[in-house]
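S.K.: Taken in sequence, the protein lines are chains Y and C.
Using numbering that gives the first Met the number 0, the first residue of the first sequence is number 0, and each one after it goes up by one.
Using numbering that gives the first Met the number 0, the first residue of the second sequence is number 0, and each one after it goes up by one.
Check before you lean on any hint, since a few could be wrong.
[Unchecked claim] Taking lysine-lysine and the DSS-like style, the derived pairs with C-alpha atoms no more than 25 Å apart in a straight line are: (1) Lys-74(C) - Lys-169(Y); (2) Lys-277(C) - Lys-169(Y); (3) Lys-140(C) - Lys-228(Y); (4) Lys-330(C) - Lys-266(C); (5) Lys-6(C) - Lys-143(C); (6) Lys-143(C) - Lys-220(Y); (7) Lys-140(C) - Lys-220(Y).
In short, the hints are calculated from the structure, not lab data.
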Amino acid sequence: MKIVVCVKQVPDTKGGVKFNPDGTLDRSAMLAIMNPDDKAGLEAALRLKDQYGAEVTVVTMGLPKAEEVLREAMAMGADKGVLVTDRVLGGADTWATSQTIAGALRNLEYDLIITGRQAIDGDTAQVGPQISEHLGLPVISYAQNIREVNLEEKYIVVERQYDDRYHVLKAQLPCLLTALAELNEPRYMTPGGIFDAYAKDITVWGRNDLKDVEDSNLGLKGSPTQIAKASDKVRKGAGEKVTLDPAGSADYIVAKLTEKHVI
Amino acid sequence: MNLEAYKGVFVFAQQVDNVISGIAFELIGKGKELAKDLGTEVTAVLVGSDVKGLADSLAEYGADKVIVVDDPELKEYRTEPYTHALASVIDEFKPEIFLIGATAIGRDLGPRVCARIHTGLTADCTQLDIGDFPLNPVPGKEQKHNQLLMTRPAFGGNTIATIACPDFRPQMATVRPGVMQKAPKVEGAKANVVEYNPGFTKNNKYVEIMEVVKAVTDTVDIMDAKILVSGGRGVGSPENFKILDDLAAAIGGTVSCSRAVVDAGWKPKDLQVGQTGKTVRPNVYFAIGISGAIQHLAGMEESDIIVAINKDDTAPIFDVADYGIVGDLNKIVPLLTEKIKEAVAASK
Chain Y
0 MKIVVCVKQV
10 PDTKGGVKFN
20 PDGTLDRSAM
30 LAIMNPDDKA
40 GLEAALRLKD
50 QYGAEVTVVT
60 MGLPKAEEVL
70 REAMAMGADK
80 GVLVTDRVLG
90 GADTWATSQT
100 IAGALRNLEY
110 DLIITGRQAI
120 DGDTAQVGPQ
130 ISEHLGLPVI
140 SYAQNIREVN
150 LEEKYIVVER
160 QYDDRYHVLK
170 AQLPCLLTAL
180 AELNEPRYMT
190 PGGIFDAYAK
200 DITVWGRNDL
210 KDVEDSNLGL
220 KGSPTQIAKA
230 SDKVRKGAGE
240 KVTLDPAGSA
250 DYIVAKLTEK
260 HVI
Chain C
0 MNLEAYKGVF
10 VFAQQVDNVI
20 SGIAFELIGK
30 GKELAKDLGT
40 EVTAVLVGSD
50 VKGLADSLAE
60 YGADKVIVVD
70 DPELKEYRTE
80 PYTHALASVI
90 DEFKPEIFLI
100 GATAIGRDLG
110 PRVCARIHTG
120 LTADCTQLDI
130 GDFPLNPVPG
140 KEQKHNQLLM
150 TRPAFGGNTI
160 ATIACPDFRP
170 QMATVRPGVM
180 QKAPKVEGAK
190 ANVVEYNPGF
200 TKNNKYVEIM
210 EVVKAVTDTV
220 DIMDAKILVS
230 GGRGVGSPEN
240 FKILDDLAAA
250 IGGTVSCSRA
260 VVDAGWKPKD
270 LQVGQTGKTV
280 RPNVYFAIGI
290 SGAIQHLAGM
300 EESDIIVAIN
310 KDDTAPIFDV
320 ADYGIVGDLN
330 KIVPLLTEKI
340 KEAVAASK
């Protein structure tokens, strides 16, 4: 079985937030980690490798330093790493990002593609489903458990989470899953794994290595959405503060909640 | 793309088990405001199997028109047939704006639809306005008017971004549930229904639903709760959390707590709000007997409305509270519970 896992290097939410003059995030100025949902997706792939035998390829798009997450993934047990990096790909929204990654994935063989549900910097949850659309694959978002993979009959059975229920879905392979961080507890890198990871080569692809993608769908210029304004969140100031007798206090709260359509 | 050909505000009227989700009415409410600014109408798109009977309820909350896509393939939500339904509706009716709820369904459906029709999608919006893009004139760049300006938190709520989609149509957004207001209900309103079925043919992208497992647990994840009644050390004892349980039951909320309460062994860890617990952003957060350490504030200050009750006038929780009440929680909370019960009963 061949599995491709898409991972993203993201700024750690505990670090400070820096912006470029054009309003996009200045990722180079922030601490970087492997996105948690993506790490769960990688762990799911590694468990399938343990159970069924598989070749796991990790793919990332980003600045050259994003190679770090590929090394980390290989130290956890992934077999190959592909870094997609090129100046012309910068400033991409989810449309242009998914076009880029789909262009890279067209060069690879896969039975299963796993992405994280969403990244902690953008929180959009869009890129996984968009990649699946560009590649013409079925998608199962919010995967909370992989029950079965059948390679002979080419299907996968996955639990798909909703707000108040889950569906057990059977999809044809190849298929794309988006993984929830709750899917599993990712394993740690091993010392031997780290050593091996740095001995392996990483494949680096630029714009010209992407297959069947128009320039008009890439980078900032290929992004349908544009940032009008971005700013640090302004901390909410204090509101009203009152000191009343208990009945007056209760009446005050009820009046405010009624005004706000809560009750 | 001829942008002028696209007219009207469309919203996806999500239903589950043939019950309209609350977000559908919220989107109609917001859609009406946007439509008014643009001098156009709001249309609800209702997708499912045997759902036509639900159309009037959408009219009662303000939908000028309801497009019904009714087909047995659409009984339960599945990505592919629902994507085909929405993408076909967009091709046929050409809306300038399309809003979808940022639910576990909408956050899968939205990206798939926008990828199919090639437009932009802004996720999890908390504010929508009609305005100019760029916001201010920029020399050498055309300033477009009557654009949808979509505002959303990003980066774990540390930043706020306003996004436009000036060159593609429809302008699409998913909208966080519980943020927009429903319009007042007009009893007996009848929907102007347009039935449309693009035809559904199975292909490799169709998945098979083998089983539907509904949650049986009665403990709500505090991160999903719309209303949290949160208690701190000031509640005094584990037994006294009873008054918070009663308040939560009266208002349809869930009880959560501060770290001090977990450390004291009064409540389990999965109810803890704060930096070492869970980050929550309910519509309403009651902070009862919680002083408001910075680590606690980090986990709840994104809540839409914060109500704090504390006897200490200088407690830092009052710095983030929308409504702060200085007083004795043991006296105020039971009274509040009774008055909320009365108000809820009166509104029925």
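S.K.: Next, verify each hint and record whether it holds.
M.R.: Hint check:
no.: 1; hint: Lys-74(C) - Lys-169(Y); in the structure: holds (17 Å)
no.: 2; hint: Lys-277(C) - Lys-169(Y); in the structure: violated (33 Å)
no.: 3; hint: Lys-140(C) - Lys-228(Y); in the structure: holds (16 Å)
no.: 4; hint: Lys-330(C) - Lys-266(C); in the structure: holds (22 Å)
no.: 5; hint: Lys-6(C) - Lys-143(C); in the structure: holds (16 Å)
no.: 6; hint: Lys-143(C) - Lys-220(Y); in the structure: holds (17 Å)
no.: 7; hint: Lys-140(C) - Lys-220(Y); in the structure: holds (14 Å)
The earlier numbered hint that this structure contradicts is number 2, and it is the only one.
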